[in-house]
Amino acid sequence: MSPPSEFSAHTVKSFDEDIAQLRAVITRMGGLCETQIGDAVDALVNRNVEAARAIVEQDLRLDALEAEAEALAVRIIALRAPMADDLREIVAALKIAGVLERIGDYAKNIAKRASVVAQAQPIGPAVIIPEMARVVVEIIHDTLDAFVDRDAAKALAILSRDQQVDEFYNSLFRSLLTFMMENPHYITPSTHLLFVAKNLERIGDHATSVAEMVHYSVTGQRPAERPKNDFTSTLYSPE
Amino acid sequence: MNQNPAIGHNQQPKMTARGVNVFYGQKQAIKDVSIDVSSDHVTAFIGPSGCGKSTFLRCLNRMNDTVDSARVEGRIELDSQDIYAAAMDVVQLRARVGMVFQKPNPFPKSIYENVAYGPRLHGLARNKADMDAIVESALRRAGLWDEVKDRLSESGTAMSGGQQQRLCIARAIAVDPEVILMDEPCSALDPIATARIEELIDELRGRYAIVIVTHNMQQAARVSQKTAFFHLGSLVEYDDTSTIFTNPRETRTKDYITGRYG
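So the sequences go chain by chain: A and B. At position 111 of the first sequence (counting the first as 1) the number is 111 in our numbering, and the numbers step up by one without a gap. Numbering-wise, our numbering comes out as the position in the second sequence, counting from 1, plus 1000.
Treat each hint with caution, since some may be false.
To be verified - A partial selection of chain B residues facing chain A, derived with a Cβ cut-off under 7 Å: (1) Gln1218; (2) Phe1245; (3) Asn1247; (4) Pro1248; (5) Lys1254; (6) Ile1257; (7) Thr1258; (8) Gly1259; (9) Arg1260.
Derived by calculation from the structure, the hints in this document are not laboratory data. Glycine included, every Cβ here is placed at the ideal spot set by N, Cα and C.
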């Protein structure tokens, strides 16, 4: 009997192939999410309505990949009866696919708003958005790396980074409120930008929950409650 | 791993084993195994072939006494009584700790006589009416009564494999045991007959302490509440079944249940 090891192959090789295939689908979804968010924010900043439309269409690919991940996971559960860390990983993959599809919806929504924002005067606070998007994309990227490498420490390190996203959101929330108060003419684009920022904040939250799933999948333990920094739900007026 | 916090903290365990070693001649088959078995739940022993799970199961009713080269060390208690003590009546012990084997092994006698054999041996019935009641009750508990009540005089060996195995379970429970040991009770049965035995095990749970040895990990996951993983004669891990199958502590357990060796 071979000595046990952490990542040794299954006796039935096609089981490993099934799991590899599922991981590949999740990785492709993650990559597509990163591209969609980056492109949506580019379209917003560059006021590119054509590009925004293309992003909305690309979202269908994420939906299809989610369906593929779900079919694969269900098939593995039915045919392989996975146990222990295999079982946890497959359940995590199933949930992660759902979350990534949702992240894609937020990116799509940013692209839709880009078309509206393009019709109004550019406004100052918008410059924070690409920076916020960059942090969010990095979180998704590193989370998916942690998933592929089964790296619990890496997943855990990601959790605190969502606070940066929350801080960006707080800051943008305040400045957009001030902006709207000073000039009611900007209420329409400001409101859309507020939703864009909210979408990015939601994406950050979802990506962080994926990191939690990765941690659970690898260790069997849920990480402790993570810190949150989004105070806007209790904010009455900008100070 | 000797003292596990998951072992019998609710109530007095039905059976306890401490520091058990088993040798077949020079070869050591069981190494320092300590475990508690409770009446509250079904306990499954799993592990690859030759890991000692069946050998250990057979220690619990001294079935290894029948193997000349076998030598058992350590202490095994039933209700705090040493079952290897000189004063222990082995026939009585095996009535209290019954056993069901891998292949159904009904006696070549009628269905009725198969069930009545044990109670008669132990003088549990005063008359024919008593015996009829014992036989009916055992067949009912084994989920077999409705299928055989009109043909109790037919031979037990003429039944289907699944029925034969339930007949063997009826035979084991007819003497009102406290513990039932099952050594791969479904490995010779088809999925439907297997499901009926599993359902029966679930119904018997709580009434008897049940210990089942199985190669089928899905079966262990389905029928047991506690699972013990044996490897190379040692007890590697013993915990709640749900923990063993979702988040085992030991790498050896994990590699076995996920199909990475064995």
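For this structure, which hints from the list above don't hold up? none
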